[in-house]
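S.K.: In the order they appear, the protein sequences are chains Y and X.
Just so it is clear: in the first sequence, position 244 is 244 by my numbering, and no numbers are missing.
For my numbering, add 423 to where a residue sits in the second sequence, where the first one is 1.
Hints are not guaranteed to be accurate.
What the hints assert, rightly or not - Which bits of chain Y does chain X cover? Going by a derived footprint, with three or more residues having C-beta under 8 Å, they are:
#1 196-208
#2 225-235
#3 308-316
#4 395-402
Said to hold, decoys possible - When the alpha-carbon atoms are kept at most 30 Å apart in a straight line, the in silico BS3-like pairs for lysine-lysine are as follows:
#5 Y:Lys422 <-> Y:Lys297
#6 X:Lys727 <-> Y:Lys95
#7 X:Lys727 <-> Y:Lys422
#8 Y:Lys389 <-> Y:Lys378
#9 Y:Lys297 <-> Y:Lys203
#10 X:Lys624 <-> X:Lys504
#11 Y:Lys227 <-> X:Lys653
#12 Y:Lys297 <-> Y:Lys119
#13 Y:Lys119 <-> Y:Lys422
#14 X:Lys653 <-> Y:Lys378
#15 Y:Lys119 <-> Y:Lys68
#16 Y:Lys119 <-> Y:Lys389
#17 X:Lys833 <-> Y:Lys203
#18 Y:Lys378 <-> Y:Lys251
#19 X:Lys653 <-> Y:Lys231
#20 Y:Lys68 <-> Y:Lys227
#21 Y:Lys284 <-> Y:Lys119
#22 Y:Lys378 <-> Y:Lys68
#23 Y:Lys389 <-> X:Lys701
#24 Y:Lys378 <-> X:Lys727
#25 Y:Lys284 <-> Y:Lys297
#26 Y:Lys119 <-> Y:Lys203
#27 X:Lys727 <-> Y:Lys389
#28 X:Lys624 <-> X:Lys657
#29 X:Lys504 <-> X:Lys653
#30 Y:Lys203 <-> Y:Lys378
#31 Y:Lys95 <-> Y:Lys231
#32 X:Lys624 <-> Y:Lys389
Claimed, not checked - Restraint ranges, calculated between C-beta atoms of paired labels, are given here:
#33 X:Lys653 <-> Y:Val275: 42 to 50 Å
#34 X:Ile598 <-> Y:Trp193: 35 to 43 Å
#35 Y:Phe67 <-> X:Thr649: 49 to 57 Å
#36 X:Asp532 <-> Y:Trp193: 22 to 30 Å
Source of the hints: derived by calculation from the structure; they are not laboratory data.
Backbone N, C-alpha and C fix where the C-beta goes; we use that ideal spot for every residue, glycine too.
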Amino acid sequence: MTTMTAVPTRVKEAGYVSPRRQRVMGIVFLALATMIWVFFSRTTTGQMITTFVMSPGGAVATPNLVFKTLPFLNVLASISAIIGSYQLVRGFRGKTNTVLGILAGLFVIAFLAWGAADKSLNLAGLLKVAVVRAVPLTLGALSGILCERSGIINIGIEGMLLSAAFTSTVAASLSNLWVGLIVAILTGALFGWVLAVFSIRYKVNQIISGTVINIFATGMTSFLSAKFLQKYQNLNSPGQFPTWEIPGLSKIPFFGPILFSHNLFVYGVFILLIVLTIALFHTKWGLRLRSAGEHPKAADTLGINVNRTRYIATILGGMIAGFGGAYFTLGSVGRFDEVMTAGRGFIGLAAMIFGNWMPTGALGAGLLFGLADSLAGKLTILRIPIPPKFLEMAPYIVTMVVLAGVVGHTSPPAAEGTPYEKE
Amino acid sequence: MTDNKEITPTPADNPVKPGKAAKPNTFSIFLEEVSRNSLTVTILAILSGLLLGGLVAVATTETVYSYFGTSIGLGFREAFKVLGTTYSALFTGSFGRPDAIRAAFASGDWQQINIAFSPFFESLVQSTPYIFAGLAVALGFRVGLFNIGAEGQIFVGALAAVWAGTHIHGLPAIIHAPLAFLIGGLGGALWGFIPGWLKAKTGAHEVINTIMMNYIAFRLSEYLLTGFLKDPTKSHPISATVDQAAWIPRLFPTPNRFHVGFFIALIMAYLVYLLLFKTTLGFQLRTVGLNPNAARYAGMSIVKNTVLAMAISGMLAGMAGAVEVLGVNRNLGVAFSSGYGFDSIALALLGNSHPLGVVLASLLFGFLRNGALRMQLQAGIPIDIISIMQAAILAFIAAPGIIRTIYRLKEPKEVTGSPILTAARKEQTQ
Numbered sequence: 001m002t003t004m005t006a007v008p009t010r011v012k013e014a015g016y017v018s019p020r021r022q023r024v025m026g027i028v029f030l031a032l033a034t035m036i037w038v039f040f041s042r043t044t045t046g047q048m049i050t051t052f053v054m055s056p057g058g059a060v061a062t063p064n065l066v067f068k069t070l071p072f073l074n075v076l077a078s079i080s081a082i083i084g085s086y087q088l089v090r091g092f093r094g095k096t097n098t099v100l101g102i103l104a105g106l107f108v109i110a111f112l113a114w115g116a117a118d119k120s121l122n123l124a125g126l127l128k129v130a131v132v133r134a135v136p137l138t139l140g141a142l143s144g145i146l147c148e149r150s151g152i153i154n155i156g157i158e159g160m161l162l163s164a165a166f167t168s169t170v171a172a173s174l175s176n177l178w179v180g181l182i183v184a185i186l187t188g189a190l191f192g193w194v195l196a197v198f199s200i201r202y203k204v205n206q207i208i209s210g211t212v213i214n215i216f217a218t219g220m221t222s223f224l225s226a227k228f229l230q231k232y233q234n235l236n237s238p239g240q241f242p243t244w245e246i247p248g249l250s251k252i253p254f255f256g257p258i259l260f261s262h263n264l265f266v267y268g269v270f271i272l273l274i275v276l277t278i279a280l281f282h283t284k285w286g287l288r289l290r291s292a293g294e295h296p297k298a299a300d301t302l303g304i305n306v307n308r309t310r311y312i313a314t315i316l317g318g319m320i321a322g323f324g325g326a327y328f329t330l331g332s333v334g335r336f337d338e339v340m341t342a343g344r345g346f347i348g349l350a351a352m353i354f355g356n357w358m359p360t361g362a363l364g365a366g367l368l369f370g371l372a373d374s375l376a377g378k379l380t381i382l383r384i385p386i387p388p389k390f391l392e393m394a395p396y397i398v399t400m401v402v403l404a405g406v407v408g409h410t411s412p413p414a415a416e417g418t419p420y421e422k423e
Numbered sequence: 424m425t426d427n428k429e430i431t432p433t434p435a436d437n438p439v440k441p442g443k444a445a446k447p448n449t450f451s452i453f454l455e456e457v458s459r460n461s462l463t464v465t466i467l468a469i470l471s472g473l474l475l476g477g478l479v480a481v482a483t484t485e486t487v488y489s490y491f492g493t494s495i496g497l498g499f500r501e502a503f504k505v506l507g508t509t510y511s512a513l514f515t516g517s518f519g520r521p522d523a524i525r526a527a528f529a530s531g532d533w534q535q536i537n538i539a540f541s542p543f544f545e546s547l548v549q550s551t552p553y554i555f556a557g558l559a560v561a562l563g564f565r566v567g568l569f570n571i572g573a574e575g576q577i578f579v580g581a582l583a584a585v586w587a588g589t590h591i592h593g594l595p596a597i598i599h600a601p602l603a604f605l606i607g608g609l610g611g612a613l614w615g616f617i618p619g620w621l622k623a624k625t626g627a628h629e630v631i632n633t634i635m636m637n638y639i640a641f642r643l644s645e646y647l648l649t650g651f652l653k654d655p656t657k658s659h660p661i662s663a664t665v666d667q668a669a670w671i672p673r674l675f676p677t678p679n680r681f682h683v684g685f686f687i688a689l690i691m692a693y694l695v696y697l698l699l700f701k702t703t704l705g706f707q708l709r710t711v712g713l714n715p716n717a718a719r720y721a722g723m724s725i726v727k728n729t730v731l732a733m734a735i736s737g738m739l740a741g742m743a744g745a746v747e748v749l750g751v752n753r754n755l756g757v758a759f760s761s762g763y764g765f766d767s768i769a770l771a772l773l774g775n776s777h778p779l780g781v782v783l784a785s786l787l788f789g790f791l792r793n794g795a796l797r798m799q800l801q802a803g804i805p806i807d808i809i810s811i812m813q814a815a816i817l818a819f820i821a822a823p824g825i826i827r828t829i830y831r832l833k834e835p836k837e838v839t840g841s842p843i844l845t846a847a848r849k850e851q852t853q
C-alpha cells in the first residue's frame with residue numbers, strides 16, 4: 001500500500017489541479033448532468049408529482065414536501081450542466097472535490113425525486129437509517145485512519161468489530177450495558193495490540209497480521225457462540241442503549257430527528273470525529289503520529305520513537321473498532337449472531353480510502369455508503385428498476401474507481417505497510 | 424509502483440531518481456524471510472496450532488471446570504480425557520476408524536470397505552479446492568502480488584461453472600464437463616484480471632481491489648441465485664442441478680464422494696510448478712516479484728506480467744469453485760461461502776509458495792477440515808475450531824520469532840545468497 005498512486009509528484013501547492021484532471025472532472029460533471037436528463041427527466045411526464053415525507057415519525061412533525069417532478073429534475077440537470085461547463089472551461093481548482101461531492105448529492109436527490117414520482121418517499125426516514133448504517137462504517141474507517149496514519153495497515157478491522165461485538169454481548173448480559181461497552185473497547189485494544197506486536201515486534205507482513213486477526217476472530221466467536229450462546233440464552237441478552245434525544249437540537253425541523261435522536265453510538269461518531277480531527281491535524285501529538293507514517297526515518301531523527309507511536313496509534317485504533325463492534329449488539333439488535341458484521345469492516349476500509357484518509361472524509365464516505373445501504377431496502381417500493389443487490393455493490397465499485405485515480409486522487413501515508421528498523 | 428510506464432534507460436536518465444524507480448516489493452522481502460523458516464519451525468508451528476486448538480476445546484468444556492472444583496487430579500484427568508476425545512475424533516474423522524477398516528476387510532464386502540475408507544477419501548475431496556485456491560495465492564505471492572480475493576474468484580468460478588452446467592445442454596460428457604470446468608476457470612480469471620489490470624495501469628493496490636471484488640462477487644451471486652440462475656421449482660435461492668454430462672465423475676459408489684477433480688488439482692500443481700520454474704515466462708514473473716526494477720531494466724514488462732499473474736491466479740481460484748460445484752455439490756446455493764479464499768493465504772504461506780508445499784499444506788487443511796466436521800458430530804465441538812487452529816498456524820508461520828521464543832530455537836544465520844534480494848532489502852531500509 002506504499003505505492004498506490006500513479007502520479008509521481010505530490011500535490012505541488014494547495015489547490016493545484018492538473019489540466020488533465022480538470023478536464024476529466026468536467027466531463028464527469030457533464031456526464032452526471034446528462035444522466036439526470038436522459039434517465040430521469042426524459043422518463044417523467046409533466047403531471048407527475050413527488051412527495052417527500054419530511055419527518056421520520058418523531059414528535060416533531062415537519063410538513064411533507066410535495067412538488068412537480070419534471071421541472072425539479074430539469075432544474076437539477078441545468079445546475080449540474082452549468083457547473084460542469086464551468087469546470088471544463090475555468091475549473092474549480094482546490095474546491096473540485098467539494099464540488100464533486102455537491103454534484104453527487106444533486107444526482108442522488110434527482111434519483112430519489114424520480115424514483116418517488118407519483119409515490120411518496122419517507123426522505124427523513126431514509127436519511128435517518130443512513131445515519132445509523134453509517135456508524136459502523138465510519139468507526140471502522142476512523143480506526144483504519146488512526147492506524148494507517150502511523151504507518152500500520154489495519155486490515156483486521158472486521159475481526160476487531162466481530163470480537164468486540166461478541167465480548168460486549170457476554171459482558172453486558174452478565175452485568176450491564178456500560179460494562180459491555182468498556183469490555184468491547186478493551187477487546188478492540190487487545191486486538192490492536194496483537195496487530196502491533198505482530199507488525200512491529202515480529203515484522204510480519206501487515207496484511208497477513210490483519211488476516212490472522214480476521215480468521216481468528218471469525219473462528220473464535222463462531223466457536224464460542226455455537227458452544228455457549230445457543231445453550232445459555234441468558235448470555236446473549238445484553239439489551240440495548242436507549243435513544244437519547246438531545247434537548248433543543250432534536251427539535252430542529254427535518255434535521256433534528258435525523259441527526260439528534262439516536263443512541264450513544266451516533267453521538268460517539270460525532271465526538272470521535274471532532275476529537276480525531278483536532279488530535280491528528282492540530283496537535284503536536286498528531287503531527288508526530290503522522291510523521292511516523294509518512295517518513296519514519298525523519299521522525300526518528302527528530303527524536304520521535306516511531307515504534308512506540310505506532311503501538312499507541314494501533315491500540316487506540318483498535319479501541320475505536322471495539323466501540324464500533326459494540327454498536328452491532330448493544331446499539332443495534334441487542335444480541336450476537338455468528339459473523340454478524342458481514343463485511344462491514346471491509347466497507348469501513350473502503351470508506352477510509354474513499355475519504356482519502358481524513359476523518360471528515362471517512363464520515364462523508366460512511367454516510368454515502370450508509371445511504372446506499374439504506375436505499376437498497378427501499379428500492380422495491382419505489383419505481384426504480386435497479387436490483388437492490390447492485391446498489392449494495394455500489395460502495396465497492398465506487399472505491400475501486402476512486403483508487404484507480406480516474407475521479408479522485410488518493411494519497412495514503414507514504415510509509416504505511418513498512419516495518420521501521422533503527423539503523 | 425510509482426510509475427508503471429515502460430522506461431527506456433538513457434544516459435541522461437541514469438541513475439534513476441529515487442522517486443521515479445519502482446520500490447522494491449516489501450511483501451516479497453517478507454515472503455523471502457518466511458521462506459528461510461527451517462522445516463523444524465514449520466512443523467513446530469503446525470503442532471503448536473493443533474495443540475492450541477485442543478487447549479481451546481478443553482478450556483471451553485464445562486465438565487473440566489466442575490471436576491477441577493472437586494480435585495485437581497480429577498480435573499487433569501478430565502482435561503486429558505477431553506483432549507484425547509478431541510484428537511481421536513479428529514483422527515478417525517479424517518482417516519477412518521482402524522477397527523472399522525479391519526472389520527470391513529475381514530468381511531471382504533466391497534461396499535463395506537468403501538464405507539470404511541470413505542472418511543479418508545472425503546478428506547481428499549476437502550483438500551481439492553484447497554489445492555487450487557492455495558496455488559492461486561502462491562502464484563500471486565511469487566509475483567509479489569497479494570491476491571486476497573480468492574474467495575470472490577472462487578464464487579465467480581462456481582457461478583460460471585454452474586451457468587455452463589445448467590444452461591448449456593446436449594453436449595457429450597467428454598466435452599461438457601471439461602468445458603464447464605474451464606468456463607469456471609475463465610470466470611475466476613476475469614475476477615483476477617480486473618484488479619491485476621488496475622494495479623498495472625493505475626497502481627491501485629491489489630489488496631484493496633481484490634477485497635472489493637470479493638464483496639461484488641458475493642452480491643452478484645446473491646443477485647444471480649435469486650434470479651437468472653435460480654431453480655424455479657425451489658423456494659429458496661439455489662441453482663438448478665448441473666446437467667449430468669457436466670459432472671466431474673466420482674470414482675466410487677456413494678457415500679464416497681472422491682472425484683477426478685483431485686487428480687486435476689495435482690496436475691495443475693505440476694503445471695504451475697513447470698510454469699514458474701521451468702519456463703521463461705515463469706522466470707519473468709518471479710523476477711517481477713522479487714525486484715521490479717531489475718525486471719524492468721532487463722526489458723521485462725511489469726504491466727504484462729502483473730496482469731497475467733493475477734489472471735492466472737484468478738483462474739486457479741475459479742477452478743476451485745468449479746471443481747466444488749461440478750464434483751461435489753452439483754448445484755450452487757448462497758451459503759456456498761467456504762472460507763477457502765482466506766484459508767488459502769495460510770496455505771500459500773505454509774507451503775512456502777511452492778506448488779509441492781501448497782499440495783502438502785492443502786492435504787493437511789483438508790484432513791483437518793474433514794476431521795473437524797466429524798468431530799462436531801461425535802464430540803460436540805463446533806467446526807469453527809479449525810479456523811482457530813488455522814489462524815494460529817498462520818500466525819506462527821508468519822512470525823517464526825514466536826515459535827523460536829517458545830521452543831528456545833536458535834536464530835537462523837543471515838542468508839547472503841540472493842544478491843537481488845540483499846540489494847532490495849538494503850534499499851528498503853534506507
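S.K.: Are the hints correct? Go through all of them and say.
M.R.: Structure-based check of each hint:
Interface restraint, the segment 196-208 of chain Y with chain X: holds (8 residues with C-beta to C-beta distance below 8 Å; minimum three). Requiring three or more residues with a Cβ within less than 8 Å of a Cβ of chain X, the coverage given for the segment 225-235 of chain Y holds, as 3 such residues are present. A stretch counts as covered by a chain when three or more of its residues have a beta carbon under 8 Å from one of that chain; for the segment 308-316 of chain Y and chain X the count is 0, and the coverage is violated. Restraint check on the segment 395-402 of chain Y versus chain X: 4 residues with Cβ-Cβ distances below 8 Å, three needed, restraint holds.
At most 30 Å may separate the alpha-carbon atoms for a hinted pair to count; Lys422 of chain Y and Lys297 of chain Y meet this at roughly 8 Å. In summary, the hint linking Lys727 of chain X to Lys95 of chain Y is not supported, as the alpha carbons are separated by about 37 Å, beyond the 30 Å threshold. At most 30 Å may separate the alpha-carbon atoms for a hinted pair to count; Lys727 of chain X and Lys422 of chain Y exceed this at roughly 37 Å. For the hint pairing Lys389 of chain Y with Lys378 of chain Y, the CA-to-CA distance comes to about 12 Å; that is within 30 Å, so the pair holds.
Distance hint between Lys297 of chain Y and Lys203 of chain Y is fulfilled; the C-alpha atoms sit about 17 Å from each other, no more than 30 Å. Proximity of Lys624 of chain X to Lys504 of chain X is assessed by CA-CA distance (about 58 Å); at most 30 Å being required, the pair is judged violated. Taking the CA atoms of Lys227 of chain Y and Lys653 of chain X, the gap is about 34 Å. The hint is violated against a cut of 30 Å. Taking the CA atoms of Lys297 of chain Y and Lys119 of chain Y, the gap is near 60 Å; set against the 30 Å cutoff, the hint is violated.
At roughly 65 Å between alpha-carbon atoms, Lys119 of chain Y and Lys422 of chain Y are farther apart than 30 Å, so this suggested pair is violated. Among the hinted pairs, Lys653 of chain X with Lys378 of chain Y is consistent with the structure: their alpha-carbon atoms are about 23 Å apart, no more than 30 Å. With a C-alpha separation of about 12 Å, the suggested pairing of Lys119 of chain Y with Lys68 of chain Y holds against the 30 Å cut-off. Annotation: proposed proximity of Lys119 of chain Y to Lys389 of chain Y holds, straight-line Cα distance about 22 Å (limit 30 Å).
For the suggested pair Lys833 of chain X and Lys203 of chain Y, the alpha carbons sit about 18 Å apart, so the restraint of at most 30 Å is met. For a cut-off of 30 Å, the pair hint linking Lys378 of chain Y to Lys251 of chain Y stands: about 26 Å separates their Cα positions. The suggested pairing of Lys653 of chain X with Lys231 of chain Y is violated, with an alpha-carbon distance near 35 Å, which exceeds 30 Å. Taking the CA atoms of Lys68 of chain Y and Lys227 of chain Y, the gap is near 58 Å; set against the 30 Å cutoff, the hint is violated.
Pair hint Lys284 of chain Y plus Lys119 of chain Y does not hold up; C-alpha atoms about 54 Å apart against a cutoff of 30 Å. Our distance criterion of 30 Å between C-alpha atoms is met by Lys378 of chain Y and Lys68 of chain Y, whose separation comes to about 21 Å. Taking the CA atoms of Lys389 of chain Y and Lys701 of chain X, the gap is about 44 Å. The hint is violated against a cut of 30 Å. A threshold of 30 Å between alpha carbons decides the hint, and for Lys378 of chain Y with Lys727 of chain X the separation of about 44 Å lies outside it, so the pair is violated.
The hinted pair formed by Lys284 of chain Y and Lys297 of chain Y meets the criterion: a straight-line CA distance of about 18 Å does not exceed 30 Å. For the hint pairing Lys119 of chain Y with Lys203 of chain Y, the CA-to-CA distance comes to about 58 Å; that exceeds 30 Å, so the pair is violated. Between Lys727 of chain X and Lys389 of chain Y the alpha-carbon distance is near 33 Å, which puts this suggested pair outside the 30 Å criterion. Simply put, Lys624 of chain X and Lys657 of chain X have alpha-carbon atoms about 44 Å apart, too far for the 30 Å limit, and the pair is violated.
A hinted pair counts as satisfied when its Cα atoms are at most 30 Å apart, and Lys504 of chain X with Lys653 of chain X does not qualify at roughly 48 Å. A C-alpha spacing of about 47 Å is found between Lys203 of chain Y and Lys378 of chain Y, which places the hinted pair above 30 Å, so the restraint is violated. Note on Lys95 of chain Y and Lys231 of chain Y: the hinted pairing is violated, with a Cα-Cα distance of about 57 Å set against a maximum of 30 Å. A distance of roughly 29 Å separates the Cα atoms of Lys624 of chain X and Lys389 of chain Y; the hinted pair therefore holds under the 30 Å criterion.
Against the hinted window of 42 to 50 Å, the Cβ-Cβ separation of Lys653 of chain X and Val275 of chain Y comes to about 48 Å, which satisfies the hint. A hinted range of 35 to 43 Å is violated for the C-beta pair Ile598 of chain X and Trp193 of chain Y, which are about 56 Å apart. For the hinted restraint 49 to 57 Å between Phe67 of chain Y and Thr649 of chain X, the CB-CB distance of approximately 35 Å leaves it violated. Between Asp532 of chain X and Trp193 of chain Y the Cβ separation comes to about 58 Å, which falls outside the hinted range of 22 to 30 Å.
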